[in-house]
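*Asks:* Top line first, the protein sequences correspond to chains A and B. Everything in the first sequence is counted per the working numbering, starting at 1 for the first residue and increasing by one. Everything in the second sequence is counted per the working numbering, starting at 1001 for the first residue and increasing by one.
No wet-lab data here; the hints were simulated from the structure. Keep in mind it's a predicted model, so treat the numbers as computed, not measured. One or more hints might be untrue.
Derived coverage of chain A by chain B (criterion: at least 3 residues anywhere in the stretch with Cβ under 8 Å from a Cβ of chain B; other residues may be distant) [stated by the list, open to error]:
(1) 18–27
(2) 44–56
(3) 140–149
(4) 384–392
If you want a taste of the chain A side facing chain B, the calculated C-beta under 8 Å gives, among others [as the list claims (entries may be wrong)]:
(5) Q33
(6) A60
(7) C63
(8) E106
(9) P216
Virtual Cβ for every residue (Gly too), placed ideally from N, Cα, C.
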Amino acid sequence: MPRREHLLKIGVAGIRGVVGEFLTPTLACSFAQAFGTYVGGGRVVLGRDTRASGEMLTHAVACGLLAAGCEVVKVGILPTPTIQVYVAATRAQGGIAVTASHNPPEYNALKLFNAQGLFFNTYERAELIDLYHQSDFRRVTNEEMRRVITDYESAPKLHFRRVLAHVDAGRIRARKFRVALDAVNGAGALITPGFLQDTLACELEAIAVDPTQPFPREAEPKRETLGEIAELVQRCHRDIGFAQDPDGDRLAVIDETGFVLDNDDVLALAVDAALRRLPGDVVVNLTTSSVIDDVAAAHGRRVYRTPVGEANVVETMQAVNAVIGGEGSNGGIIFPAVHLCRDSYTGMAFLLDRMAETGEKISTLAARLPKYFRRYGKVAFEHGRLGPLMQSLESRYPQAEKDRADGLKLLLPEGWIHVRASNTEPLLRVAAEAKSEAQVEKLYQGVLELFGQTSSVG
Amino acid sequence: MAVAASSSLRISQVGLRGVVGGGLTAAHVLDFASAFGTFLEPGKGVIIGRDPRASGIMIREGVVAALLACGANVIDLGIMPTPVIQHTIRRTDAAGGISIGASHNGAEWNALKFFGRNATYLSTAEANELLDIYHMKKFSFVEWNQLGKLRTEENALDPYLDELAAVFDFSALRQFRVVVDCCSGTSSLILRRMNERFGLGIILINEKMQGVAFAHEPATNRDMVALQLAPLMKPLGADAGFLFDADSDRVAFATEEGTPVSEEMVLPLLADYLLPRGTGKLVITNCSTTALVDEIAARHSGEVVRVAVGRQAAIDALSIYRPEQIALAGEGTGAIMMPQFRFVYDGIAAMLAVLSMMRERNAKLSAILASYPKYSILKGTVPLVTHRIPALLAAMRERHRDGSASVVDGLRVDWPDRWFHVRVSQTEPVVRIICEQRGEAPRELYETLIEQVRSFA
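Construct all of the structure, not just a fragment, from the sequences and the given hints.
*Replies:* In C-alpha cells form, the structure reads like this:
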C-alpha cells in the first residue's frame, strides 16, 4: 500500500500543511476570517516563528482577521508560549501563532488561542471548524475596519517576569552557570540568549541563534538530532545544554557529560521542582513515562492521564486545576502558574533552579529518578485492519488493565504498551516501557510481531 | 443611482471593485492578487501602494500575502498616489504593480488597479489573460523556500517629482497663488513635498488624509469644486484652484473668479496647450466627451480619435499609435494622460500643465476659458431592459439618419453643431444619454432622446 502523506490537514487542531501548493494564502486568510468571526472581532494577537513562509502567512492571516473586524496586534517573531502569555496579559480576544512547531521547514500551521491565551477546548474547536466550512464569515465595512498595531517589545518581558516569579533567580544568578543553547534558528534565537545571559546571568555558548537562517537540524529536539549541541557541551565544559524547537515550546536537555536526557526524565525533574513549591496534582498524556507516577507519589499527589496532544493535556489540567503537566516524549512542560501551555523557558528556569538549590550536577539529579527503559516506533497499517489488530493485541494480554482513551494502553505488572493511530498518516505509534531493557524489548517486539512486521518503519 | 452593497462587486478587465464587506471580500482580494502574481513575469519586483481608505489596510495584507506566495518580491510604498506608484514601477524596472484604492468612489468602496511592466493599465489582451487565471483559480504558488520578500520604500516621491521637474519649470510657477482641495486623499503627500522642495506656496484644504470620512465625495466634477474650493478663490486671492480624487489621478478646477469649471473642460484646455507644443497631433478621447475638443484640435491642425467609454478602450487605442503621434489622451472626467509621462492618468501633471499654460500665455484662467466657444451639454439616465437594447439602438439610428453615426460604443450621432451619445453603462443597469450643442443647451433634442429611450424601457 502506498504511504499517503497528508500535505494539508484542516481539522479540529486547526490548519497545517506544506506551503506552496497545499497551504495557500487563500486558505490561511479564510481560516483566519473564520477565527475572527468566532471570537467576535476585537483585538487579536498575531505572531510567528522563523519559518520562511511565516511572513507570507502572517499577511494572509492579518487580512482575514481585519476583514472579520478584528484589530490586529503584530508581535513579530516570538516563541509560542510568549505569544500565549501576551494574549492573556493584554486582554485580547484571541491570538494566532503562525508556526508548525517541530514539523519540517516546508510545513506551516496556525495555532489558535482564546482570550486567555489557551487552546480552545474540543467543543469550541469543532464549532470553529464548522464555521470555517460554512464560510459564513463576519465581513466588516470600511467604517468598521480596525487597524494593525505592532508591539515587538513587551511580550518577552511579560513572559520572563512570570517565569522568574516561580524560581529563585538570585541563587541561579549567583552560580553563573555555564550553559549551552541550540535555538534551531527558531523563534527562541531572538530572546533565549538574553533570557539565559542577562536575566539568569549564565555564561552562554550558543549555536543556531540566527533567525534569518534555515533550521540547521531536524526541528524536533530529540536525541538523534542533537549531536552538535551535545558535542558543544562537552567541548566547552558546560554545566547544562538546552535545545529548543522552532517555536520555543519544546525543550530538550543535555547533561554536563554531553548525554541528551530522556524528555520524560526532564519532565519528571520539572514536575519534582513544581511539586516542591506548590500544592496540586499532575496531568500527563498516556504515552508519558511512569516515572511521573513515582515522582508524584513521592509528593503524595495524583497523576491524571489524557490522550496525546497538548490541547488534551491542557483541557484536563484546567479541569482538575493541576499544578503541572506535560507530554513526556515530546519535551513539553506545562506549568499553569506561568501559563497553561508548553513552555521551554519555565523548563530551563526550573532545572537551573534545582541545580542551584541542590548544588548537584544535572546528571546526578537525573540519575536519582527511578530508572525505566522505553521503546518508541511506528508501524504502517492498512485502512480497515486497525480494529482486528487492536483486538488481537488485547487478547494477547488478557490480564492487562486497559485504557482506551486514546488507542489502546495495556498496563502490565512489568510495564506498559501504548498503541495509537496517528492523526496525520495511516501509521500506528507504538510505545512501550518497562523496568528492564529485556522486558521492554519483549513487549515492543511482541507488538511488532503481532502486527506482522519485524521492524518499525521510518 | 445607489448600488446595493451586496451587488456592488465588479470583476472586469479594469480589475476588481466593490463595497468592502458587502461585495468585495478578503477572498476576492486573495484570489485576484494571486492571479496577478501568476500572470506577472517571475523573479522581478512588484510595486504596491494604497489610498487612505481604512479597508486598504486589510486589502494590503491580502495583496502582500498573495504576491509573496507567488514568489514576487513586493515593494510597498504605503499610502501613495497612483501616478507615483506607476512612476516607481518604471523607475525600478518592476514586473508590474497594484494600486489599492477606489479613486473617485465613496469611502465605502475599494478596488485593485493592476499595472503591467510598462506601468500603464493592462491591455485588453493582458486583462483577459488575468481574468482567465482568476476564474480558473490555478495559481502558481511557489515552494516554501522560493517565496518572495517584502520591503518598504520610503522615498518614492522625490524621483517622481524629479521627472515632473524635468518637464515643468517649478520656479516659474511660484508666481501663482494656488489652492487645492485634497478631499482627504493622497494628493497632499505630493503637494506638501512640492512646496518644500520647490518653494511653492500651494494652499491645501482637506489636507489630512482620512480613512473613513472623506471631506466630501472624492469625485472630480463641477459640483464638488463648487462645494468648498470655488468659494475660497476670491477671498484667498487665488489664481487657480484644483480638486483631486482620493488617489490623485483625476483633477477638476476653479477659476480665479471662483467659478467652478465643468470637468469636461480639462481635456479641451490641455489639448489647446499641448497640441501646438509637441509633435503629436492626436487627441484620444471617448464618444461622450465634449465637441469643444474637436474645435480646439482643428485650430491646431490636430485630430480627435474617439473610442468607447472606459479606461480599457483608451489604453488599447494608445497602443495603436506611436507615442510621438499623440498629444494627449483623456476623458471628460478629469482623467488626462500625456506622452511626457508615458500615458499615466496623472492629476498632478495635469494641474502643472494648466499652470504652465497660464504662465506662458500670461493670461488668467477665466480669460483662457472665455476664449473658447460655449458648448452646452445635457446628461440623463434611463433604467434599461437589457434584451431590448439592440432594437433601441437600431431604432434611434434610423430616426436620426440625417446625422453621421458611429457605433464604436452604443450610438453616437453628429450634426455640424450638435451631437448625442446613447450608451449602456458599464457600472449600473442604465442607459446613459448625453447630448451637446454649440451655444445654448439642446433642450428639445434631449427631451426627444429621453422619450425615445423610455419607449423601449
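*Asks:* Now, for every hint given, state plainly whether the structure supports it.
*Replies:* Hint by hint, here is what the structure shows:
no.	hint	result
1	18–27	holds (count 7)
2	44–56	holds (count 5)
3	140–149	holds (count 8)
4	384–392	violated (count 0)
5	Q33	6 Å, holds
6	A60	4 Å, holds
7	C63	4 Å, holds
8	E106	5 Å, holds
9	P216	15 Å, violated
Hint violations for this structure: numbers 4 and 9, all remaining hints satisfied.
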